[in-house]
Amino acid sequence: MFETYYPILFLILFAVFLALVMAGASILIGKRTRLGKKGNPYECGIDPVGTTRDPVPVKFFLIAISFILFDIEVIFLLPWAVVARDLGMFGFVSILIFVTLVMIGYFYELGRGALKWD
Amino acid sequence: MEAVQPNVGFVFGLFAAIIITSALLVVTLKNIFHCALALIVCLTGVAGIFVLLHAEFLAAVQVLIYVGAVSVLIIFSVMLTSNLASRRIVQTNQNALVAGFAALIFGAGALLLLKLHDIWPKAGSALPDDNVMTIGKLLMTDYMLPFEVVSVLMLAAMIGAIVLARGERS
Amino acid sequence: MLEMIVASSIKVIIVMLAVLTGCAYATYMERKVVAFMQHRIGPSYAGPYGLLQPIADAIKMAFKEDVVPDKVERITYALAPIASFVPSLLVFAVVPFSADFTLVGRQVTGVISDLNIGILFVFAITSLGVYGIVLAGWSSGSKYSLMGGIRSSAQMISYEISYGLSIVGVILIANTLSLRQLVEQQDTILHWYIWKQPLGFLLYLTCAIAETNRLPFDLPEAESELVGGYHTEYSSFRFAMFFIGEYANMIAVSCVGTTLFFGGWQGPFLPAGLSVIWFVIKVFCFMFFYIWLRATFPRFRYDQLMNFGWKVLFPLAVVNLLVTGLIVLW
Numbered sequence: 001m002f003e004t005y006y007p008i009l010f011l012i013l014f015a016v017f018l019a020l021v022m023a024g025a026s027i028l029i030g031k032r033t034r035l036g037k038k039g040n041p042y043e044c045g046i047d048p049v050g051t052t053r054d055p056v057p058v059k060f061f062l063i064a065i066s067f068i069l070f071d072i073e074v075i076f077l078l079p080w081a082v083v084a085r086d087l088g089m090f091g092f093v094s095i096l097i098f099v100t101l102v103m104i105g106y107f108y109e110l111g112r113g114a115l116k117w118d
Numbered sequence: 001m002e003a004v005q006p007n008v009g010f011v012f013g014l015f016a017a018i019i020i021t022s023a024l025l026v027v028t029l030k031n032i033f034h035c036a037l038a039l040i041v042c043l044t045g046v047a048g049i050f051v052l053l054h055a056e057f058l059a060a061v062q063v064l065i066y067v068g069a070v071s072v073l074i075i076f077s078v079m080l081t082s083n084l085a086s087r088r089i090v091q092t093n094q095n096a097l098v099a100g101f102a103a104l105i106f107g108a109g110a111l112l113l114l115k116l117h118d119i120w121p122k123a124g125s126a127l128p129d130d131n132v133m134t135i136g137k138l139l140m141t142d143y144m145l146p147f148e149v150v151s152v153l154m155l156a157a158m159i160g161a162i163v164l165a166r167g168e169r170s
Numbered sequence: 001m002l003e004m005i006v007a008s009s010i011k012v013i014i015v016m017l018a019v020l021t022g023c024a025y026a027t028y029m030e031r032k033v034v035a036f037m038q039h040r041i042g043p044s045y046a047g048p049y050g051l052l053q054p055i056a057d058a059i060k061m062a063f064k065e066d067v068v069p070d071k072v073e074r075i076t077y078a079l080a081p082i083a084s085f086v087p088s089l090l091v092f093a094v095v096p097f098s099a100d101f102t103l104v105g106r107q108v109t110g111v112i113s114d115l116n117i118g119i120l121f122v123f124a125i126t127s128l129g130v131y132g133i134v135l136a137g138w139s140s141g142s143k144y145s146l147m148g149g150i151r152s153s154a155q156m157i158s159y160e161i162s163y164g165l166s167i168v169g170v171i172l173i174a175n176t177l178s179l180r181q182l183v184e185q186q187d188t189i190l191h192w193y194i195w196k197q198p199l200g201f202l203l204y205l206t207c208a209i210a211e212t213n214r215l216p217f218d219l220p221e222a223e224s225e226l227v228g229g230y231h232t233e234y235s236s237f238r239f240a241m242f243f244i245g246e247y248a249n250m251i252a253v254s255c256v257g258t259t260l261f262f263g264g265w266q267g268p269f270l271p272a273g274l275s276v277i278w279f280v281i282k283v284f285c286f287m288f289f290y291i292w293l294r295a296t297f298p299r300f301r302y303d304q305l306m307n308f309g310w311k312v313l314f315p316l317a318v319v320n321l322l323v324t325g326l327i328v329l330w
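Chains as they are written, first to last, in UniProt numbering: chain G, 1 to 118; chain E, 1 to 170; chain A, 1 to 330.
Because the hints were derived from the structure by calculation, they are not lab data.
Every value quoted in this text rests on a predicted model; they were computed, and no experiment measured them.
Incorrect hints may appear among the rest.
Said to hold, decoys possible - Only part of the chain E face toward chain G is listed, based on derived beta-carbon distances under 10 Å: (1) Val26; (2) Phe57; (3) Val70; (4) Leu73; (5) Thr134; (6) Lys137.
Claimed, not checked - Sample of chain A residues lacking proximity to chain G, with all beta carbon distances greater than 10 Å (derived): (7) Phe36; (8) Gly257; (9) Ala272.
Note that the Cβ used here is the ideal one computed from N, Cα and C, for glycine as well.
If we strip away everything but chain G, and leave its shape as in the complex, we get (with noise of 0.2 Å):
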């Protein structure tokens, strides 16, 4: 019953390893020097200007939240699309009213300007 998931652990495990030897070897391998002016936070060459977390803007916020709605939608358009051709017009006369409902409030949101400039 698992058989198909050992070979997906096994992957997990050898990509984790190949990424720690790759880190472990630059680690190793690579030139050791004291950093410095280096150590600062790349500015084209000049000092670093103003704070380096400043708030980042809501609309970011509401793209996230967006996101999640919508990905709840094709979550539950998946199960659909596999057994659509047994369920038939019913079905997709169900999935029209879910879809639809969805649309409303994607509709409002851009109506509402939140997925406007980015």
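Given the coordinates of chain G, work out where chains E and A should sit on it, guided by the hints.
Below, chains E and A alone, put in the same frame as chain G:
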């Protein structure tokens, strides 16, 4: 060639240890960004438990939604409040010891009750092999009303998010 | 059982080595193809025709100093390249590379793990690709990295939805989530799903390019605008891990695209054991197209990019889905 089952108990114990450890890290670490990362590990452990229960669709959805979307939202919101992320937060106050003691008593009592009265329903039959088809058929037939209500709930969530986030503008 | 574990472990190692070599030579191919399109030659000194260039690059990168700037947040900084590298490679677990064939008397399946939720697994792992970027951007302690990281992750999640919807269109026709069965259903060239889902394919292609942060969608790592974006503060092998992760992601998305729309390993004339050659040819065509796009187009501005993802691609994807459903069920 018959398939030899892995020691499910051992794997379950491993996943349970991951979940509990990361959950403890979420509530004890001092840097909130690290707490968010520990939460990601915890949710991935839950997906592992779903795989053990043969609920593969749920495991994939758990990774996709919780780890791939909700945790991203949490990390974005940690980044949104800048001073929150670099400050060392204090997770306990002066009642920590009393609270810990009470939690221990409650936990032990609950475990004892569970051992004495076997109240958890046992699984009726093994899940069908094709999870997704069964879920699809059930969603469209027996559970159609909750399915449509979910879409109304999502609509409400969208409207609510916009009102909360942009309320101060208009 | 033990035999199955050994067989799949060997497959994993072979596929991983192939993918990593593929990534290395994808960098070579990119430089050469872009050079020829720009009427110049490209790398030609390291070995014949410059074929040893990736090896030279790898050795150079290994010996560079691993600069960890002062202001980084160490744990997350160390974790980010791994978080970017591992999901790109994990997708290859469910891609069917070749038909089933027999090797020294044993039956070998052409896929590492035939999950019955195959394409959903791919979708879930792709959505984990955001973390490498957002962790790198945040932990680097530099304004440019943070801006690049957030914009890149917002771009990736915006195009993720249309990516999923284009996949749902294919599943409507195929009625299965398993990638191996998807390929087996496309047995002749007339049965390839691209003919049945042309709009779906265009959506998939566009979203794939946006997901992998390639031109014309690569503003978050644009050199002239944000220095290096989220990987500005990384050097040596950590940078190489991001780089390899990006190319592995490109190859992974190309592999999934050929599986969904172009019939995977299906092709005439070759026996089952060699059908991997058809697969490689199709993936190579995809990669060439990626590089061709890079050599040709200017970059989208960020607001154009986000508007395009939300206001054009998403409604188109929903319309594609509903029209496909109508046609399939009528």
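Hints versus structure:
Below 10 Å, beta-carbon pairs count as interface contacts, and E:Val26 has none with chain G, the closest being about 20 Å; its hint is therefore violated. Below 10 Å, beta-carbon pairs count as interface contacts, and E:Phe57 has one with chain G at about 7 Å; its hint therefore holds. Annotation: interface hint on E:Val70 holds; nearest CB of chain G at approximately 6 Å, less than 10 Å. Look at E:Leu73: its Cβ gets to within about 4 Å of chain G, closer than 10 Å, so that hint holds up.
For the restraint placing E:Thr134 at the interface with chain G, the shortest Cβ-Cβ distance is roughly 8 Å, inside the 10 Å limit, so the hint holds. About 5 Å separates the beta-carbon of E:Lys137 from the nearest beta-carbon of chain G, less than 10 Å, and the hint is met. The claim that A:Phe36 lies off the interface holds: its Cβ sits roughly 31 Å from the closest Cβ of chain G, which is beyond the 10 Å cut-off. Under the 10 Å C-beta cut-off, the non-interface status given to A:Gly257 relative to chain G holds; the minimum distance is some 18 Å.
The claim that A:Ala272 lies off the interface holds: its Cβ sits roughly 20 Å from the closest Cβ of chain G, which is beyond the 10 Å cut-off.
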